[in-house]
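Enquirer: Each chain, written out:
2 protein chains.
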Amino acid sequence: MFIETCIAPVNIALIKYWGKRDEELILPINDSLSVTLSTDEMCAKTTAAAASSFKRHIMWLNGEEVPFEQNPRAMRCLKEIQQLALAKEQLKFPIEWKLHIVSRNNFPTAAGLASSAAGYACLVYALAHLYGVQKEELTAIARQGSGSACRSLYGGFVRWHMGKSNDGTDSIALPVAPCEHWQDLHVLILVVNDARKKTSSTKGMQLAVETSDLIKYRAQYCVPQRTAAIVDAIKKHDFAKLAEITMRDSNQFHAIALDTYPPCVYMNDVSHAIVEFVHAFNKAVGEVKLAYTFDAGPNACLYLLERDVSIVLAAIKNSFPNDAEQSVEYVKGIPIACDIGENNGFNGNATLPINNKNLFKYIIHTRIGKGPQRLGKSESLLDSSNGLPLNN
Amino acid sequence: MFIETCIAPVNIALIKYWGKRDEELILPINDSLSVTLSTDEMCAKTTAAAASSFKRHIMWLNGEEVPFEQNPRAMRCLKEIQQLALAKEQLKFPIEWKLHIVSRNNFPTAAGLASSAAGYACLVYALAHLYGVQKEELTAIARQGSGSACRSLYGGFVRWHMGKSNDGTDSIALPVAPCEHWQDLHVLILVVNDARKKTSSTKGMQLAVETSDLIKYRAQYCVPQRTAAIVDAIKKHDFAKLAEITMRDSNQFHAIALDTYPPCVYMNDVSHAIVEFVHAFNKAVGEVKLAYTFDAGPNACLYLLERDVSIVLAAIKNSFPNDAEQSVEYVKGIPIACDIGENNGFNGNATLPINNKNLFKYIIHTRIGKGPQRLGKSESLLDSSNGLPLNN
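These protein sequence lines are chains A and B, in that order. If you read the first sequence in the UniProt record's numbering, its first letter stands for residue 1, the second for the next number, and so on. If you read the second sequence in the UniProt record's numbering, its first letter stands for residue 1, the second for the next number, and so on.
Mixed in with the good hints, there may be bad ones.
No copy labels: a pair is met if it fits in one copy or bridges any two.
Unchecked claim - Each computed PhoX-like pair below joins lysine-lysine, with the alpha-carbon atoms no more than 20 Å apart: (1) LYS283 <-> LYS203; (2) LYS79 <-> LYS235; (3) LYS92 <-> LYS235; (4) LYS283 <-> LYS198; (5) LYS203 <-> LYS377; (6) LYS198 <-> LYS55; (7) LYS241 <-> LYS79; (8) LYS361 <-> LYS377.
Honestly, the hints are just simulated from the structure, not real lab data. In this text the structure is predicted, and so the values were computed from the model without any measurement.
If we strip away everything but chain A, and leave its shape as in the complex, we get (with noise of 0.2 Å):
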């Protein structure tokens, strides 16, 4: 039997993707640019065998079996990756032999964070050792998983690049920066509470191509623009830059979403609270310090500086008071030295708003950080002596 284990980071957009030129091969309409958030505090890990034993390809992920022979996208990434092999003439094992093949999120779905990035991003780069084509160029059969799921393939900032080819050859993932060239950024991750029912990213994006009117700018005009512009802020470390650009393309992506019909909304009143937020607080102190992006659901993603964290939990606390503040599992993943009670030393918070009580569910604070890692056999989420998922 050979095994693999492997984990892959979360994403986050700062230039949203938000449109396919072609739905099959996920080819997007515009170049897209994330930051990727440190394994530590939220990734997937997956561990994939191949033995002859195995009957049919089989797939469980957190804890359940899901369809894998049916389900076209992860078929495809496993026949990209078996081709790469077969060109390679390098096969460590027959390539008609079955795999089984594990997966955890080790974050809540509850998040609203794009887990499948991550899933498929750390399938792909398991399948890619188990078959000893690591080497090779990989997010290309990622972005067949999972359009974002490329990004997740290198630490730091990282451009897809939408591609100009047919074939989706050259639409694929390149490193901006390492995440050792700013290693301060920190993220805060806003959980909020919300029930309504969301269009998926998938349908929402093939409505708005459809119907839109505004898209076509966006992907064409602005998009091109601000990705030039904040490759800029990123190498002159011009974090006010970054943080505007940032905001502006998190508000322009919900925009054409609502320019949709019918529209899909997917900020609801507390992210809009969080918007407000940061906007005041950023007033308050003087300077860009704070800035949010939302995906394709209300939670908010923070971007700051190591140094204003402390502050910026203590604003948040004053602006958005909750009863399970005190409790250890509020703000989850970096410790924070000092008490979020305190305001350390800013004296701002008479100037921002005050929210009703327990909008958020906790708070994640995490970190920019490195792409997907290799693990030793004693991480496996398999057990090598029946090829079923361990219980741990």
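Chain A is already provided as a structure; the job is to place chain B on it using the hints.
Expert: Same frame as chain A, but now just chain B:
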């Protein structure tokens, strides 16, 4: 003492006005098109009087004295009317005479309806009668009080042509079709409970012109196409087409507001629940019978045909339960012949979302209506014996 009393209607745009190319003259960046609502349910009423004994211009609005001579927009309207009168050389009284003006809206400010449009239309119409220039082109004058006021000077469907000249003389409203053309076009205004402070329209559109990348594309490409298409739908009594264009344009206006930096958010979760309801209702009946539009606030204005009012109200009652619904005051305006508690033959309620209770304050039922009207002396808001407001 010379006295004139007039009423003027509210108008609700189907194609939205958002963005000025000249802040002072109030010249818009695109055409807009509205429906004038019946003055039976909502109107502004204004009495304007001139007398040699008046020491200064005084205005009372909704029972309170408000600055008039210090209000540049109001003074500009007065000056323009006076210039028309001087040009005609038919003055009934010396141009130096001061005015007393009493104005009231018969609808609550809480309705969040554009009271300034009806108010300025009424002011200009009353002044025009006072100075004997009522037959002149008045819309370009009302426009300088409040942009959309120019559309309240006609009944039925009204188009405000943006014009091209820098002096604004061609930025005027013209009727598209009188209210008799589509007598059974009815309106339900859903007044939503809301607390959030919103950016004013004036400020919001100024920020949008300054910061939105998408607004120019909307003004130059989307609006001209939509306006032509909706004029065509009006001529043909094509309700489904009118409804779709209206909904798309409302959504696009709010998309532009969101693409503004910092973003302007006028709709709230309840507004979006209404949007969802309208699309679900149309799907359930298999036909577009209902359209929403939202101005710079959370309240919905629904367009529908008279024959559908009862099933729509029954469906609203089902989807938006309200403790006040038994009260006669919950549905104001045109009485509904049938009990809104009944389903009235509509059996699609099961497919509609059920929302939390008491999301609306009340509902106003009204219809398409006529332009401003001159009233008799018995309707005066001013005591002709002392020139002061009557307490009626």
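Enquirer: Which of the listed hints are not met by the structure?
Expert: Hints 2, 3, 5, 6, 7, 8 are the ones this structure does not satisfy, whereas the remaining hints hold.
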